[in-house]
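Make the full structure from the sequences, and use the hints.
Going by the numbering used here, the residue at position 212 of the sequence shown is 212; the numbering climbs one at a time, nothing skipped.
Some clues are possibly wrong.
Claimed, not checked - Each pair of labels, with its calculated beta carbon distance range: (1) Ala187 x Val116: 19 to 27 angstroms; (2) Asp3 x Trp211: 18 to 26 angstroms; (3) Asp3 x Gly155: 35 to 43 angstroms; (4) Ala43 x Gln83: 49 to 57 angstroms; (5) Glu73 x Gly188: 29 to 37 angstroms; (6) Phe29 x Ala85: 42 to 50 angstroms; (7) Asn46 x Ala200: 27 to 35 angstroms; (8) Gly160 x Arg11: 22 to 30 angstroms; (9) Gly188 x Ala88: 27 to 35 angstroms.
Derived from the structure by calculation, the hints contain no laboratory data. Since the model is a prediction, treat every value here as computed from it, not as a measurement. Each residue gets a CB set at the ideal place from its N, CA and C atoms; glycine is no exception.
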Amino acid sequence: MLDAVRCLVARDLLLALRRKSDVGTALLFFVIVASLFPLGIGAEPNLLRAVAPGVIWVAALLSSMLSLRRMFEADHADGTLEQMALGAAPLGVVVAAKALAHWLVAGLPLVVIAPVLALQYDVSPSLYGVLALSLLLGTPVLSLVGGIGAALTLGLRGGGVLLSLLVLPLCVPVLIMGAGSVEMAAAGLGASGQLLLLAAMLVGAAAAAPWAIAAALRISLE
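Take a look at the structure:
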């Protein structure tokens, strides 16, 4: 089973490297959105520090939405997804590997670059770790929950809009906890509560979402 996961993750990462423009688009969108807010709301340091966690998290959420369609779309178009569904490995394990690969391509770069973008908002360096940790815990949940929407809208015309309508409301708790952890740390109240809730969401999503995605894929493939 682990060999199948490694092969699937390596395959999806290799395909992502061959489509650098698709990967770069989501990352560039994240950078542009997070960089435009300081230009639009002015250079007031207190205001920038206050809005920084929410802006960065909203930009990360929207950036993740841009890349969700690619999780299954290419494999569905060339028939690979049907072969995976008929293979020896359980479909839940297959989609878990694909969600992991999606996060490595679309989520992990956001975690790395977020502290750099926080410089524009005059965020205290002591908060960089909390911001990165919140994204490290929260972005995999976005990939897992988003995978359910991507599977349900697979092959539908105009599926991108429907995908956003399905997934965005489900991601609101992650957004609130992620941004709230940085705000609580900035207020000196400690961010452990929000971070533990994010960790609990990640554990729950990792346990349940792959099988929900597998069931949605079977419905879409019928």
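Going through the hints against the structure:
Our hint of 19 to 27 angstroms for alanine 187 and valine 116 holds, since their Cβ atoms are close to 23 angstroms apart. Aspartate 3 and tryptophan 211 have their C-beta atoms about 21 angstroms apart, which keeps the hinted 18 to 26 angstroms range intact. Between aspartate 3 and glycine 155, the C-beta spacing of about 30 angstroms breaks the proposed range 35 to 43 angstroms. Against the hinted window of 49 to 57 angstroms, the Cβ-Cβ separation of alanine 43 and glutamine 83 comes to about 55 angstroms, which satisfies the hint.
The supplied range of 29 to 37 angstroms is broken by glutamate 73 and glycine 188, whose beta-carbon atoms lie about 45 angstroms from each other. Checked against the hint of 42 to 50 angstroms, the C-beta distance between phenylalanine 29 and alanine 85 comes to roughly 31 angstroms, which is inconsistent with it. Under the hint 27 to 35 angstroms, the C-beta atoms of asparagine 46 and alanine 200, about 32 angstroms apart, fit the expected range. At about 24 angstroms, the beta-carbon gap between glycine 160 and arginine 11 stays in the expected band of 22 to 30 angstroms.
At roughly 53 angstroms, the beta-carbon separation of glycine 188 and alanine 88 lies outside the given 27 to 35 angstroms, and the hint is violated.
Comparing the model with each earlier hint shows violations of hints 3, 5, 6 and 9; every other hint is respected.
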